[in-house]
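Protein chains: 2
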Amino acid sequence: MSIPDDYVDLFDKRSFWHVATIGPSATPQCSPVWASFDGNHVRFGMTRAHQKFRNIEANPAIALSAIDPDNSYRYLEVRGTVTSIDDDGDLAFINSLSRKYLDQDPFPYHQPGDERVVVTVEPTSTTAQG
Amino acid sequence: MSIPDDYVDLFDKRSFWHVATIGPSATPQCSPVWASFDGNHVRFGMTRAHQKFRNIEANPAIALSAIDPDNSYRYLEVRGTVTSIDDDGDLAFINSLSRKYLDQDPFPYHQPGDERVVVTVEPTSTTAQG
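Those protein sequence lines, which keep their order, are chains A and W. The opening position of the first sequence corresponds to residue 53 in my numbering, with each subsequent residue numbered one higher. The opening position of the second sequence corresponds to residue 53 in my numbering, with each subsequent residue numbered one higher.
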């Protein structure tokens with residue numbers, strides 16, 4: 053399955069996605085991320101130091117939701133499975149998100165030592181409203 | 053524990069909170085809600101028809117995150133436990149949120165038959181940034 057055509061625009065906008073993962077002791081975690089969609093998969097970035105990195109390494113079940121920045125009562129939730137976690141060694145991915153969200157390339161907040169990864173999510177279901 | 057003093061303002065603003073719950077088959081769900089904070093507990097509303105209502109009835113572990121509407125790089129995550137789910141029979145709670153978020157009282161989108169509840173969350177940990 054994929055994202056409903058009439059909600060794909062949420063990935064073209066500067067929508068902040070909140071990503072829900074399941075942590076140790078089976079409790080949920082929720083935090084904002086930048087994300088993109090290539091027509092098949094949702095991708096977002098983070099560093100290996102994040103709790104959510106450890107969560108998805110242990111449990112690939114995931115959900116993301118975002119509100120349309122142009123209409124607060126329109127939103128999309130994507131539930132799915134993390135299918136890969138790849139090194140963003142050359143920062144190509146975070147730089148592409150930085151262009152979209154900040155109009156800046158390279159990403160200005162990268163710190164030496166940050167081990168950035170690209171998380172790929174296969175959508176399994178969606179909920180949309182508005 | 054409670055919310056850090058210097059992040060309580062996120063509950064005074066029209067911040068959209070994304071609430072993560074755990075659903076059937078132990079997969080996460082994430083969707084936006086309005087919320088408030090009374091100094092001790094986070095509260096948010098929904099109807100009994102929502103999937104997240106069924107989720108928290110079965111599993112009270114929860115997390116909410118929101119971005120500061122005035123600073124997209126400042127956010128708060130609250131993890132906690134649902135300690136009660138009460139009927140919002142007179143709509144007092146949803147009407148109070150409607151005043152905050154829409155400057156409208158009563159809440160204009162209530163539909164006859166909607167069984168509204170107030171969910172009370174005891175914070176157990178927070179993560180803040182920005």
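Mixed in with the good hints, there may be bad ones.
[To be verified] Pairs of lysine-lysine residues, derived as DSS-like cross-links and limited to a Cα-Cα distance of at most 25 Å, are as follows:
| no. | chain 1 | residue 1 | chain 2 | residue 2 |
| --- | --- | --- | --- | --- |
| 1 | W | Lys-152 | W | Lys-65 |
| 2 | W | Lys-104 | A | Lys-104 |
| 3 | W | Lys-65 | W | Lys-104 |
| 4 | W | Lys-152 | A | Lys-104 |
| 5 | W | Lys-104 | W | Lys-152 |
| 6 | A | Lys-152 | A | Lys-65 |
[To be verified] Quick list of simulated restraints, FRET-style, between CB atoms:
| no. | chain 1 | residue 1 | chain 2 | residue 2 | range |
| --- | --- | --- | --- | --- | --- |
| 7 | A | Asp-58 | W | Glu-167 | 40 to 48 Å |
| 8 | A | Asp-58 | W | Gly-165 | 23 to 31 Å |
| 9 | W | Glu-167 | A | His-162 | 27 to 35 Å |
| 10 | A | Gln-156 | W | Gly-165 | 43 to 51 Å |
| 11 | A | Asp-57 | W | Lys-152 | 19 to 27 Å |
| 12 | A | Ala-180 | W | Asp-61 | 39 to 47 Å |
| 13 | A | Asp-90 | W | Gly-165 | 35 to 43 Å |
| 14 | W | Thr-99 | A | Glu-167 | 37 to 45 Å |
| 15 | W | Thr-99 | A | His-162 | 41 to 49 Å |
| 16 | A | Ala-180 | W | Asp-166 | 14 to 22 Å |
Because the hints were derived from the structure by calculation, they are not lab data. Please read all numbers here as calculations on a predicted model, not as lab measurements. Backbone N, C-alpha and C define an ideal beta-carbon position, used for all residues, glycine too.
Taking the earlier hints as the rules, which of them does this structure contradict? 4, 7, 9, 11 and 12
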